[in-house]
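J.: Sequence:
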Amino acid sequence: MFTGIVQGTAPLVSIDEKSFFRTHVIEFPPELLPGLEPGASVANNGCCLTVTAIDGNRVSFDLMKETLRLTNLGDLAQGDRVNLERAAKFSDEIGGHVMSGHIICTAEIVKIITSENNHQIWFRMDDEALMKYVLYKGFIGIDGISLTVGEVTRSRFCVHLIPETLSRTTLGLKRLGERVNIEIDPQTQAVVDTVERVLASKQAVEVSADLE
Numbered sequence: 001m002f003t004g005i006v007q008g009t010a011p012l013v014s015i016d017e018k019s020f021f022r023t024h025v026i027e028f029p030p031e032l033l034p035g036l037e038p039g040a041s042v043a044n045n046g047c048c049l050t051v052t053a054i055d056g057n058r059v060s061f062d063l064m065k066e067t068l069r070l071t072n073l074g075d076l077a078q079g080d081r082v083n084l085e086r087a088a089k090f091s092d093e094i095g096g097h098v099m100s101g102h103i104i105c106t107a108e109i110v111k112i113i114t115s116e117n118n119h120q121i122w123f124r125m126d127d128e129a130l131m132k133y134v135l136y137k138g139f140i141g142i143d144g145i146s147l148t149v150g151e152v153t154r155s156r157f158c159v160h161l162i163p164e165t166l167s168r169t170t171l172g173l174k175r176l177g178e179r180v181n182i183e184i185d186p187q188t189q190a191v192v193d194t195v196e197r198v199l200a201s202k203q204a205v206e207v208s209a210d211l212e
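Note that our numbering gives residue 119 to position 119 of the sequence shown, counting from 1, and the numbers run on in steps of one.
Hints are supplied without guarantee of correctness; some may be wrong.
[Said to hold, decoys possible] Simulated pairs of lysine to aspartate or glutamate, EDC-like, Cα-Cα distance not exceeding 16 Å:
{"id": "1", "residue 1": "K65", "residue 2": "E17"}
{"id": "2", "residue 1": "K132", "residue 2": "E151"}
{"id": "3", "residue 1": "K18", "residue 2": "D80"}
These are computed hints drawn from the structure, not numbers from a lab.
Assemble the whole structure, with the sequences as input and the hints as a guide.
T.: Now the structure itself:
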């Protein structure tokens, strides 16, 4: 489990590329190393990955075919930075919202609006059918960052970013056309799906009654 509060960014220092498989080596900041062991879960750009090896401050993660298909991790090149979050403990403060680290899709950055006191990024979901789960003022995970949804249209949505978020994560480095990982808030998804089922059931009963 994660909270969406990014604890640091780190460079991807090595990539071992195989057929539909990758091993990433990340150079961890010292403050995120204590207690880290092989088998631990760490969110990389919001994607829950398992530590496979530790060599000093260099930590390895294996990425299988499904991870490469669903996330932006396969787009990364050596030298790129990733958002990192260690798995939450029961005693930790939940400053964002509960996240699983299971990426549902990616979204493309289609507009960036900056001014003296505002930084707004617009995204277009790769799967437009998932937009029904993106609600005004709802929670969403973007590259592992817990954010509040701003404006929403039929196919796009935006978030407003404070300077602290820009300085502590990789979002301030993003450019038009780049993809980000998206995790939908599971509670929002459950509510939307439940409402849809109830309405569909009600409509089916009404249709059946009209035919009698």
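J.: Hint numbers the structure violates, sorted upward?
T.: 3
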